[in-house]
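Going by this note's numbering, the residue at position 474 of the first sequence is 475; the numbering climbs one at a time, nothing skipped.
Don't read these hints as lab results, they were simulated from the structure. There may be inaccurate statements among the hints.
The calculated label-pair distances, taken between Cβ atoms and stated as ranges, are [unchecked claim]:
#1 130 <-> 26: 38 to 48 angstroms
#2 506 <-> 246: 17 to 27 angstroms
#3 540 <-> 240: 19 to 29 angstroms
#4 136 <-> 330: 41 to 51 angstroms
#5 59 <-> 255: 17 to 27 angstroms
#6 509 <-> 374: 29 to 39 angstroms
#7 149 <-> 253: 52 to 62 angstroms
#8 330 <-> 155: 55 to 65 angstroms
#9 318 <-> 369: 17 to 27 angstroms
#10 556 <-> 136: 20 to 30 angstroms
#11 459 <-> 16: 46 to 56 angstroms
Bear in mind the structure is a predicted one, so any value in this text is a computation, not a measurement. Ideal Cβ placement from N, Cα and C applies to all residues, glycine included.
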Amino acid sequence: MTSVDSGTSADFIRSVIAEDLRTDKYGGRVVTRFPPEPNGYLHIGHAKSICLNFGVAAEHPGGVCHLRFDDTNPTREDMEFVDSIQEDVRWLGFDWQDHLYYASDYFEQLYALAEQLIRSGLAYVDSLTAEEIRDFRGTLTEPGRNSPYRERSLEENLDLFQRMRAGEFEDGRHVLRAKIDMASPNMNLRDPTLYRIRRVPHQRTGDAWRIYPMYDFAHGLSDSIEKVTHSLCTLEFEDHRPLYDWFLDSLEVYHPQQIEFARLNLTHTVLSKRKLRHLVEQGCVSGWDDPRMPTLSGLRRRGYTPRSIRKFCDRVGVAKRDTVVEMALLEHCLREDLNQHAPRVMGVLRPLKLIIDNYPEGQTEEFEAVNNPEDPSMGTRLIPFSRALYIEEDDFREDPPSKFYRLAPGKEVRLRYAYLVTCVAVVKDEQTGDVVEVHCTYDPDSRGGTAPDGRRVRGTLHWVTEADSVAAEVRLYDHLFSQPNPDEDTDGGDVPADLNPNSLEILQQCRVEPGLGEATPGSIYQFERQGYFVVDNADSKPGGLVFNRAVSLRDTWAKIQQAQKNPA
RNA sequence: UGCCCGGUGGUGUAGCGGUAGCACGUCAGCCUUUGGAGCUGUAAGCCCUGGUUCGAGCCCAGGCCGGGCAGCCA
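The task is simple: from the sequences and hints, build the whole structure.
In structure tokens, the structure reads:
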């Protein structure tokens, strides 16, 4: 039932629903809806709404959540988006069963309702131009004025409206408006527009209509037609609720309850279709599904799991104050999920050759590695070992700082699952002075990684063999914006100032353990000691592996270094 | 400057007149064949001023601050 029963407290919306159930306001029904306009891709902000609407419905026996496309504006909508939206909602893990609807399915009913409003003397055809209407509307502090067409006769209104439908007038010639109150302090009630002429084909109704209903008229009445009980929307529609109610009451039809909640905001990114579109169009990202994008398709390609996103939406909660959630929480939710479920592998991002001088040339052996220490049922695998290996460049320092537990001249470390090795020499590039090869000796008695005498070895390094490892490209992603709250507008038309220039780093020379050769797109691994990486679902091919870093592991060493750099 | 909504640690969120809690983040420690994970601990909060009350984060009044609204967009 409600989450109250499970020990956690209900948010204000669930409380309202629980109360409505208690008073039997809707005959025990719970019907919600997720109403996207098919004019763009879904993002993490929509996920909050999806989780809320579908979540609330699922919490009650018989509860359902409709997926309804608010396709009332053919000039900006496209079927391409209705497909991607359905895909994303399904991917997130929700099911609308057979409740897939389109506002355009109701055009005929909505038209009849509009005529009914006219007959009740509550709507009229206005023939002012768009500019005149704006002018007559008044301002936030001054009342508007009545349109000279406001008192047209019922017959004339009906006739005009029917001819609007018939396509007799060009765009903008007339509109249908509600007759409410041009002096209302609520701008939405100053005779809002109900229908406008748009002589363009609609993606679903084709040439059937020359007039299309506006959001306020279509939305609430669609809710009513579908017998929605709770119509959950974001805060900016709060001022629209009196209008929502006005239509329902004036037409004396079934009356759902609109409830508003705060939309999601996230640090280090932007969350509006307009701004996201800008990033795509300016080429700041590779597309709507760029792994840095907060779109669901971007997050999916980045390696985010549906479960982690649902968990995130859960933790973010639902309330009315508008807030900005830290990206760190989203990342935490991903780590938490992947720690539990992602298989561990070894992958070297920046390879440095390591030769074990006393390990026989040509000899190889295998070690058993644990696939997931958090989940023994995931079993083990065998990984090959030999004389020539690669380790991470960062794991060797010729002149190690304090607290550096990794490899350095004379120091001993453990090669994960394999042997303890001690650095005995380095080979440098004569030109640059860079260390290009590290030489070690191994302790044959430390097979598996434990010292026979119990001596303590703090550092454990991941590695791959030179011969068996597989080449891969790895894309390292970071926040799209360097500031937590990016500069609001990018009106100039080019790249936003706060765009993080280091949000993508491509590594071409990576080596991963042999088993990854047949990794399939979309599968996610933990590269031990580094982070979680997903096989890119667009660019990875057999023989041309591409991994995206979803999120790094918590990096304590990085913090220590940071502290050493900035004492205080 | 009209109307509407909202202000609880750095962030998000509980608390419904009776000891201000949880999570993320921070810092410290423990543990560790991932400097991962885990565990323990630490610091940090009711916008302000009055009022009602034995008692106010919660109720009332007045301020202050933040957000939304003037599409033939949604």
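For each hint, the structure was consulted:
1. 130 <-> 26: 38 to 48 angstroms: 44 angstroms, holds
2. 506 <-> 246: 17 to 27 angstroms: 53 angstroms, violated
3. 540 <-> 240: 19 to 29 angstroms: 46 angstroms, violated
4. 136 <-> 330: 41 to 51 angstroms: Cβ of residue 136 to Cβ of residue 330: about 47 angstroms, so the range 41 to 51 angstroms holds.
5. 59 <-> 255: 17 to 27 angstroms: Holds, since residue 59 and residue 255 (Cβ atoms, about 23 angstroms apart) stay within the stated range.
6. 509 <-> 374: 29 to 39 angstroms: Cβ of residue 509 to Cβ of residue 374: about 31 angstroms, so the range 29 to 39 angstroms holds.
7. 149 <-> 253: 52 to 62 angstroms: Since residue 149 and residue 253 have Cβ atoms about 30 angstroms apart, the given range 52 to 62 angstroms is violated.
8. 330 <-> 155: 55 to 65 angstroms: 57 angstroms, holds
9. 318 <-> 369: 17 to 27 angstroms: For residue 369 against residue 318, whose Cβ atoms are near 44 angstroms apart, the range 17 to 27 angstroms is violated.
10. 556 <-> 136: 20 to 30 angstroms: 59 angstroms, violated
11. 459 <-> 16: 46 to 56 angstroms: At roughly 52 angstroms between Cβ atoms, residue 16 and residue 459 fall inside 46 to 56 angstroms, so the hint holds.
Checked against the numbered hints above, the structure breaks hints 2, 3, 7, 9, 10 and satisfies the rest.
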